[in-house]
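Each chain, written out:
Number of protein chains: 2
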Amino acid sequence: MVREPRQERSRTTRRRLLEAAVECIVELGWTGTTVALIAERAGVSRGAAQHHFPTREDMVSGAVEYLAEVQIAELRSRASELPAGSARTQSIVDMLLNLYSGRMFRAALHVWVAASTDENLRATLAPLEARVGREAHRVAVELLGVNESDAGARETVQATLDLARGLGLANLLSDDTKRRAQIARQWARLLEPTLPAVQKNGTPGVTIPS
Amino acid sequence: MVREPRQERSRTTRRRLLEAAVECIVELGWTGTTVALIAERAGVSRGAAQHHFPTREDMVSGAVEYLAEVQIAELRSRASELPAGSARTQSIVDMLLNLYSGRMFRAALHVWVAASTDENLRATLAPLEARVGREAHRVAVELLGVNESDAGARETVQATLDLARGLGLANLLSDDTKRRAQIARQWARLLEPTLPAVQKNGTPGVTIPS
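Protein chains in written order, with the UniProt record's numbering: chain A, 1 to 210; chain B, 1 to 210.
Just so you know, not all the hints are guaranteed correct.
Unchecked claim - Below, in silico cross-link-like pairs of lysine to aspartate or glutamate (EDC-like), each with a Cα-Cα straight-line distance of 20 angstroms or less: (1) Lys178(B) with Asp94(B); (2) Lys178(A) with Asp94(A); (3) Lys178(B) with Glu155(A); (4) Lys178(B) with Glu148(A); (5) Lys178(A) with Glu148(B).
Said to hold, decoys possible - Every beta carbon over 12 angstroms from chain B, so not counted as near; a handful from chain A, in silico: (6) Pro5; (7) Glu27; (8) Val44; (9) Ser45; (10) Ala48; (11) Gln50; (12) Pro54; (13) Ile72; (14) Ser80; (15) Glu81; (16) Ala84; (17) Ala87; (18) Met95; (19) Ala114; (20) Glu142; (21) Asn147.
Think of the hints as simulated: they come from the structure by calculation, not from any bench. We put the beta carbon where it would ideally sit given N, CA and C, even for glycine.
Chain A on its own, in the form it takes in the complex:
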């Protein structure tokens, strides 16, 4: 019976390190972030930190992946609570266009930009970036209810996520919430006619509480 709590403790330590890594990157940037500093913030010994993540690259790719998972899980859970009807498209567009306005994207941005001048970091991040991007795309396709075999549907979803990343960037140096909400309204208006009818009426099988 010793094994379970130890595994549990190990998972908690790992999660604390990843959270601390994101905090450090957002506050200090990539060059200011070290394994020692992350360990200190997480309240974990440097040895334990290095056991989980031998290098700064390991820790940072772990953090990017962890945050992407958390965020996508949150997106799915919030999406399941959405009403059907005409407000649905707007709610989904709002959720998608807000996806990159928080600290997760901020941390990822630091790391991506550092990777553009650091070959080792790029090699670590490139496959991860592709996987995280595919997962975001899959969730957006589900939420918008599009059929990817329809002409242009795939590109519309991609454009929505690229726009979301552009809006994340616009939110980096100043609070862009108000402008982003206005763009989201217009984006929903532009998308609406291209979405299949099923989306507008909610996902089939979803029952709305009366």
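We have chain A already, so just place chain B on it with the hints.
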């Protein structure tokens, strides 16, 4: 008659320093870039470099501004050569969505991300970023021929530029040219019905060589 060449020489030195600053930032990142290194690359003495740009912040904001000006001038000049007719919208969308796929955006991205954890740099860049953003918006409004008093027109133009920045980001770690072209095709299709008829037929007063 001594005055003119000296001013000319000074302008040339300034331009060489700004070009070297961009090169340095793109290759080495913000933290790797120093005034000494930029001066060396530009083949300018450190004293002369410091005469033009007392601090690294001055030089970098000069570089961001210079590149934005060059890019917008190029956009205008290319736009004046565009044909009228249905291919026009696609050509303009292509130009706008390619706007941030080059080294100018790459350099700006390094600096913006650095500014997110550096208050002095942020104070220098924030007003510049706003000015450059407004200018890009103005050119996009002209090119697309929209009337900003039409409902949603302003947001459509903003979304186009935010999408372009998101696409610039997607081009940071790998060559995204092909995917970007497909998104541009779909975006032109979505925009077309929202644009005033005048746009589709070219800017009034533009004569097409026969």
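Hints versus structure:
1. Lys178(B) with Asp94(B): 12 angstroms, holds
2. Lys178(A) with Asp94(A): Roughly 12 angstroms between the alpha carbons, so the hint for Lys178(A) and Asp94(A) holds.
3. Lys178(B) with Glu155(A): Cα-Cα ~12 angstroms, so holds.
4. Lys178(B) with Glu148(A): 18 angstroms, holds
5. Lys178(A) with Glu148(B): The given pair, whose Cα atoms are some 18 angstroms apart, holds under the 20 angstroms limit.
6. Pro5: 38 angstroms, holds
7. Glu27: 6 angstroms, violated
8. Val44: For Val44(A), whose nearest Cβ neighbour in chain B is about 23 angstroms away, the distance exceeds 12 angstroms, so it holds.
9. Ser45: 27 angstroms, holds
10. Ala48: Nearest chain B Cβ is 27 angstroms from Ala48(A), so the label holds.
11. Gln50: 24 angstroms, holds
12. Pro54: 23 angstroms, holds
13. Ile72: Holds: least Cβ distance 18 angstroms, greater than 12 angstroms.
14. Ser80: 27 angstroms, holds
15. Glu81: 27 angstroms, holds
16. Ala84: 24 angstroms, holds
17. Ala87: 18 angstroms, holds
18. Met95: Nearest chain B Cβ is 16 angstroms from Met95(A), so the label holds.
19. Ala114: At about 7 angstroms from chain B, Ala114(A) fails to clear the 12 angstroms cut-off, so the statement is violated.
20. Glu142: 19 angstroms, holds
21. Asn147: Correct as stated: the minimum Cβ-Cβ distance to chain B is 15 angstroms, above 12 angstroms.
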